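S.K.: Those sequence lines, one after another, are chains A and B. Oh and the first sequence: position 223 is 223 in the working numbering, straight run, nothing missing. To convert, count from 1 in the second sequence and add 1000; that's the working numbering.
Everything labelled a hint here was simulated from the structure, so no lab data went into it. Please note that the accuracy of each hint is not assured.
The following label-pair restraints were derived from C-beta to C-beta distances [what the hints assert, rightly or not]:
| id | chain 1 | residue 1 | chain 2 | residue 2 | range |
| --- | --- | --- | --- | --- | --- |
| 1 | A | Arg92 | B | Gly1166 | 25 to 31 Å |
| 2 | B | Asp1146 | A | Phe48 | 54 to 60 Å |
| 3 | B | Ala1097 | A | Ile130 | 50 to 56 Å |
| 4 | B | His1150 | A | Ala72 | 51 to 57 Å |
| 5 | B | Gly1166 | A | Asn47 | 31 to 37 Å |
| 6 | A | Ile148 | B | Ala1141 | 39 to 45 Å |
| 7 | B | Gly1166 | A | Leu267 | 49 to 55 Å |
| 8 | B | Gly1100 | A | Arg203 | 22 to 28 Å |
| 9 | B | Arg1109 | A | Pro160 | 54 to 60 Å |
| 10 | A | Ala72 | B | Ala1141 | 38 to 44 Å |
Since the model is a prediction, treat every value here as computed from it, not as a measurement. For each residue, glycine too, the CB sits at the ideal point set by N, CA and C.
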Amino acid sequence: MAICREVTTQAADTAMSLNDMLKPSTHCQVPLDRWVEFFVKDWLVPNFRPAFRAAQWPVDQVMRGLEGFLHAVPFYAMTIFFVAVAWRFAGRGVAIFTLVSFLAIEAVGVYPDTMTTLSMIITAVLFCAIVGIPLGILSASSDRFEAILRPILDVMQTIPSFVYLVPIVMLFGVGMIPGVVATIIFALPPIIRLTSLGIRQVREELVEAGYAFGSTRRQVLWEIQLPLALRMIMAGLNQTLMMALSMVVVAALIGAGGLGLTVYTGLGRLDVGAAFLGGFGIVLLAIILDRITQGIGAGAEQRRANWTFTGFVKRITGFARA
Amino acid sequence: MQKLTVKNLYKIFGAAPEEALVMARNGAGKDEIYRKTNSVVAVNDISFTVNRGEIFVVMGLSGSGKSTLVRCLNRLIDPTSGEIYLDGDDKAGSVTAADGENLRQIRLRRISMVFQHFALLPHRTVAENAAYGLKARGMSAKERRDRAVHSLSKVGLDAWADAYPGNLSGGMQQRVGLARALAVDPEVLLMDEPFSALDPLIRREVQDQLLKLQDEIKTTIIFITHDLQEALKLGDQIAIMKDGKFVQVGTAEGIVSQPSDDYVRAFTSDVDRSRVLTPRRMMQPALPAAEMAGLGKVRADSYLCDVFGDLSTGRKLAVVDDDGSYLGVLDPLSVFAHLQATENSTGIGGRA
Ligand SMILES: Nc1ncnc2c1ncn2[C@@H]1O[C@H](COP(=O)(O)OP(=O)(O)OP(=O)(O)O)[C@@H](O)[C@H]1O
Ligand SMILES: [Mg+2]
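Working from the sequences, and respecting the hints, build out all of it.
M.R.: In structure tokens:
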């Protein structure tokens, strides 16, 4: 018994030292953390901080304007608007759900926070669309561009949302707008991917027909490719929206307000009730927005007459007039 | 009268077309060139001319390069080498030399196209689809609608102007494709297997309709098909294509009665000539109207096999079009003599 034990410990000892010998860190330790710190703190931030500040200016403007507007609209008007939109695009069931949800959100006292979160989401999705759709179009028309973009999007989609926060804070500081910027970056990939996919899946023959009748590249894009990719682009917008919502709580960590902040402070103080209220609002908001955007996408599929962008705009404006 | 002239056209797909082009010019075959250079010679030294108002049919099996050839003619695919001219062979009419804006003008006004799978826009109405080429020209909405509806009426679909393509049958959709191509009043009409996606009965119907329409509009048509019967029925000239080359160019009778090699013979040996040849093809010039009136009548585009009953009387027949006007005279003796001669020469009885 005893001998046996001695042998095993000896074996373990030699194994340990062999293990140590084979570890790269025994011979040289790579200070990756310090390199990154140097890169970000001593190069990126001093050189590009003004550029990043400037980049957040439009986000700031839109966010402020929208937040002010949403808070200024009376509760009943906002409710009627959302119920009507839900009815128009997603049917009666979703309309009823929307009505009940709005009443519940108001009743439990998180309506103002919900409006703040809503303005963050809309701002983020708006900028995702403004940046993402052109990038998607570009990547559909150039294989080389797509080859460069794809790994970047892959990385963006696999980085955990928390990891975004560090460079964001360094470059943009803390607060509401950096939170929205983090949300934009996090939610950007699906709209790019699905725009590109949507355009690429338009039948080659249709694009050929466009050129064969003397259309320019721009005419082919606007009259053939985009209308036929619209359903896919709407699906991308829906996914982007959902990812933006999932970022709400994380963005609160760097000072964004709204429902995310309610959850975050609730957790910090172990106030289960407050945390639950925040989560409650987020979930209801998510369901409502998801159903409405899906409804718009499905409508684009069903009523082929309204597939075009003009048809799409007509439906929305026609609705506003009705 | 030459409408379209193609000279020594080559199209090579692959990374190193120059090397493959040199090999092809020196007579190397498609397989050999692919093995050595990894490039595909899709169109290999093709030259032909088409006269105004003619239907030129290119017939070949899958992969023989038909689609590539027809797409070179309006530069949807840029040829590797060779020349394409409209109206003779002077520089002014060169399609291959046209740059961006000139090429666009050619596509807007002079050459239009009909596609195998129709290529109609599902989110536009039939009339909007038919007006597509006019819209690209920048024509006003009202004028292009009028012209589109007029063009639709030529193919008998003006009543469907405000329907969506998805609600139409395949045959009707392809007639919309044809109306779209005709709306721009093209000098040359390219058709890439336009009827291949249709079932046989409908196919015959649209073939007849195309011939009738052609009598009226007399445009120049390049028609691609993989169906020999279709080629023989429609073509004023027929080119048989194999591995990117034309192996024989000639009339339906020429192809059927004098196949240039075993490849063409293999195709044509199964063809029943009486189902290929029509009174229109076999007729002689019309006699004075007074004499014609006394003769029995046959329709110009029926097949000989359908009029054997009339022919067997041994009397001459008047060939008429659908409106009943006289086109020519059909002599039964020469018809049977021709059929007998061609049967023997291709050895149908013995199955060569
Ligand atoms: N974009 C391309 N890249 C590489 N090779 C091509 C390309 N397009 C066609 N080819 C090749 O060129 C040859 C001719 O193709 P093409 O499509 O012109 O044939 P086709 O006669 O129209 O056949 P089908 O009856 O199947 O339509 C084929 O061997 C094909 O593989
Ligand atoms: Mg083809």
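S.K.: Against this structure, judge whether each hint is valid.
M.R.: Each hint tested on the structure:
1. Taken as a hint, the range 25 to 31 Å holds for the pair A:Arg92 and B:Gly1166, whose Cβ atoms sit roughly 28 Å apart.
2. At roughly 59 Å, the beta carbons of B:Asp1146 and A:Phe48 sit within the given window of 54 to 60 Å.
3. Hint check: B:Ala1097 to A:Ile130, Cβ distance near 42 Å, so the stated range 50 to 56 Å is violated.
4. At roughly 56 Å, the beta-carbon separation of B:His1150 and A:Ala72 lies within the given 51 to 57 Å, and the hint holds.
5. For B:Gly1166 and A:Asn47, the Cβ-Cβ distance of about 56 Å falls outside the hinted range of 31 to 37 Å, so the restraint is violated.
6. Distance hint for A:Ile148 and B:Ala1141: a CB-CB separation of about 42 Å, consistent with the stated range 39 to 45 Å.
7. At roughly 53 Å, the beta-carbon separation of B:Gly1166 and A:Leu267 lies within the given 49 to 55 Å, and the hint holds.
8. Look at B:Gly1100 against A:Arg203: about 25 Å separates their beta carbons, and that is inside 22 to 28 Å.
9. The hinted window of 54 to 60 Å between B:Arg1109 and A:Pro160 holds, with their beta carbons roughly 58 Å apart.
10. In this structure the hint that A:Ala72 and B:Ala1141 lie 38 to 44 Å apart at CB holds, the actual value being about 42 Å.
In terms of the numbered hints stated before, the structure departs from hints 3, 5, listed from lowest to highest.
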